[in-house]
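Starting from the known structure of chain C, arrange chain E on it as the hints suggest.
Number of protein chains: 2
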Amino acid sequence: MTIYDISKKAGVSIATVSRVLNGSPKVKEATRKKIMDIIEENEYTPNSSARAMGLKAMRTVGILCADSSDIFLAKAVYYLEQNLQAAGYESILCCTGYNLDTRKNYVNLILSKKVDALILVGSNFIGEAEQENQYIKDVSAKVPVMILNASYHHDNVYCILCDDMNSMYRAASEMYDSGIHDILYLYKALSYSGHKKLDGFKAAMENKKVKGYEKLILRIPEEVSGLENIADFVSDYATKDHRFHGVIAADDELGIAAVKYGQKNGLSIPGDLSVIGYNNSMLTECSTPELTSIDNQLETLSECLVSTLIGVLSGREMPQKTVFSGSLVKRKTTDF
Amino acid sequence: MTIYDISKKAGVSIATVSRVLNGSPKVKEATRKKIMDIIEENEYTPNSSARAMGLKAMRTVGILCADSSDIFLAKAVYYLEQNLQAAGYESILCCTGYNLDTRKNYVNLILSKKVDALILVGSNFIGEAEQENQYIKDVSAKVPVMILNASYHHDNVYCILCDDMNSMYRAASEMYDSGIHDILYLYKALSYSGHKKLDGFKAAMENKKVKGYEKLILRIPEEVSGLENIADFVSDYATKDHRFHGVIAADDELGIAAVKYGQKNGLSIPGDLSVIGYNNSMLTECSTPELTSIDNQLETLSECLVSTLIGVLSGREMPQKTVFSGSLVKRKTTDF
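Residue numbers (my numbering), protein chains in the order written: chain C, 1 to 336; chain E, 1 to 336.
Treat the hints loosely; a few may be bogus.
The list treats identical chains as one, so a pair stands whether inside a single copy or across any two.
Said to hold, decoys possible - When the alpha-carbon atoms are kept at most 30 Å apart in a straight line, the in silico DSBU-like pairs for lysine-lysine are as follows:
1) Lys137 x Lys240
2) Lys104 x Lys188
3) Lys26 x Lys264
4) Lys215 x Lys26
5) Lys188 x Lys202
6) Lys211 x Lys142
7) Lys34 x Lys188
8) Lys8 x Lys114
9) Lys33 x Lys104
Source of the hints: derived by calculation from the structure; they are not laboratory data.
Isolated chain C, as found in the complex:
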């Protein structure tokens, strides 16, 4: 019996089983008991897991992410590590910052630590100009390169991503169909996935033949930081004859800022203003009312990435691009 069998039998993710085996406090007691019961019934002991094969025999996977304090990236790294560990791989992580030049140095550093594969987390690893991506081609000649949440086609490069465009398209369409036809789109930076989300919003508005929707696309300048300040920025925008009864934001922080904008202006939520965020992060819960958000299936993506990697490392033919769809998780800032 493997850890995969246990996760199937318990109806939970491999990461959850791994969390229980690692003594993480983040698992509900009922879930923990269920998993431990299955383990006992089937005489599986954590010692027989891949982790106990001995470190020397283990493979190490290098993970690069831009910034481990970004809650989206941190969550992705967490799921990847849990899945790698469950599959018997160790992982080491380097945080590169957002500068493409330093990336190359980090790739060299992590290769010098003898890793068997490289995982790039986040769409900011792909540059718009082709020469910016030469480092990916170079490293893929040495080890398999896995990319989470971006698409780049090359030999020995495998991409697992959420279809952000389609996810946003469907959420915007659903808000429109509920009767809200004036929707403000809020965003800050335009990374690869940022572009996809905006494209999805535009496509939905085009499809619904909404006139003048472009005027309700609002970029928050980089220097406007802090949720209260963003809320005030939106208030200013609204007083300049911009009317909207819905807001869709490119991330949950902006979504919460939109909720705060509504509250500052005496709007009832979702009565007068509906709000949808993106990422379905822990921030959704901190908002009052709790924020409806698009879930980009990070846990599923991470599991798929690791199983694809295992396939690649054992010499099997694996798909070079796997795309999942996001889903809308409805909470208290919408009533459709």
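Frame of chain C, contents of chain E only:
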């Protein structure tokens, strides 16, 4: 001119200068301009920084943390990496989970990657039983061990921590002095720093001679998760003849749950109920009203840890224990 000189001249942290050099989008435009102006005036070019000395000559520091998706730990890792990078060190990170047994394996893994020092992030690396800490003694015989936010005395082990007990003592005393004498203390797990915080609260109540304060110490059971559920749990507790006009929580999530408890029960905040959280994390902003919170000086701790490490690696005598005090950052959930 070094990166340290720039940070002093600009009146910002080294981490901020490093963020600018790395092109991070998280720096305000005004700050970025100020730093770039100083760099230009003084003909400092990022290429002359330690980063450009060439990877081969660089030292690598291993960082271990339990769980990179915990926002407190993630922030600490981020600051450490920024400071290490600014000082010309590369870093690699392993996430160990909460099980002490697997820790030892991870220490061996990271040592096999040839690191010059080891940083343990978070108080959960120290066990209560002395034999649980043998792995720290073992590794300190090979490389210096730096511990962030916990205390452990041994040769070649250096601890940098926030005085959580004193920080909590002062916050609780300040709430009492503002006229709120019935204060609920909310916590979940008791790690090393969790114990210190609770001790600080108790000491403040003893000092103020508050009778029966023990009845207002509430542990949220592990299986009660989700802020709404925690808020309901507090409501149940309050209906059982427990009266309080203030809440101090051991972390910001619990603090926001307390705010939600107040709102569910029609209490005005801070009129009827004052709330203080702990960690001063990004969650404080997501709350409505914004949460007052104790700042444990994570950025200062991380800077101090890295400069201590640099001293140790260059053969200087450095203090084995450095303690900072936290400070109360007042927002909208308190009015004192």
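Hints, verified against the model:
For the identical chains of this complex, lysine 137 and lysine 240 are neighbours neither inside a copy (48 Å) nor across copies (65 Å), given an alpha-carbon limit of 30 Å. In the homo-oligomer, the alpha carbons of lysine 104 and lysine 188 lie at most 30 Å apart inside one protomer (26 Å), although the nearest pairing across protomers, at 42 Å, exceeds that limit. In this assembly of identical chains, the alpha carbons of lysine 26 and lysine 264 lie at most 30 Å apart only when taken from different copies (26 Å versus 35 Å within one copy). Taking identical chains as interchangeable, the C-alpha atoms of lysine 215 and lysine 26 lie at most 30 Å apart only when they sit on different chains, with a minimum of 27 Å there against 44 Å within one chain.
Taking the shortest alpha-carbon separations for lysine 188 and lysine 202, only the intra-copy value of 16 Å comes in at or below 30 Å, while the best inter-copy value is 45 Å. Taking the closest pair of Cα atoms, lysine 211 and lysine 142 never come within 30 Å of each other, the shortest separation being 51 Å inside a single copy and 68 Å across copies. For the homomeric pair lysine 34 and lysine 188, the shortest alpha-carbon distance between copies (22 Å) is at most 30 Å, but the shortest distance inside one copy (43 Å) is not. For a Cα distance limit of 30 Å, the shortest separation of lysine 8 from lysine 114 qualifies neither inside one copy, at 33 Å, nor across copies, at 38 Å.
With identical chains, the CA atoms of lysine 33 and lysine 104 are at most 30 Å apart between copies only, with a shortest distance of 26 Å across copies and 45 Å within one.
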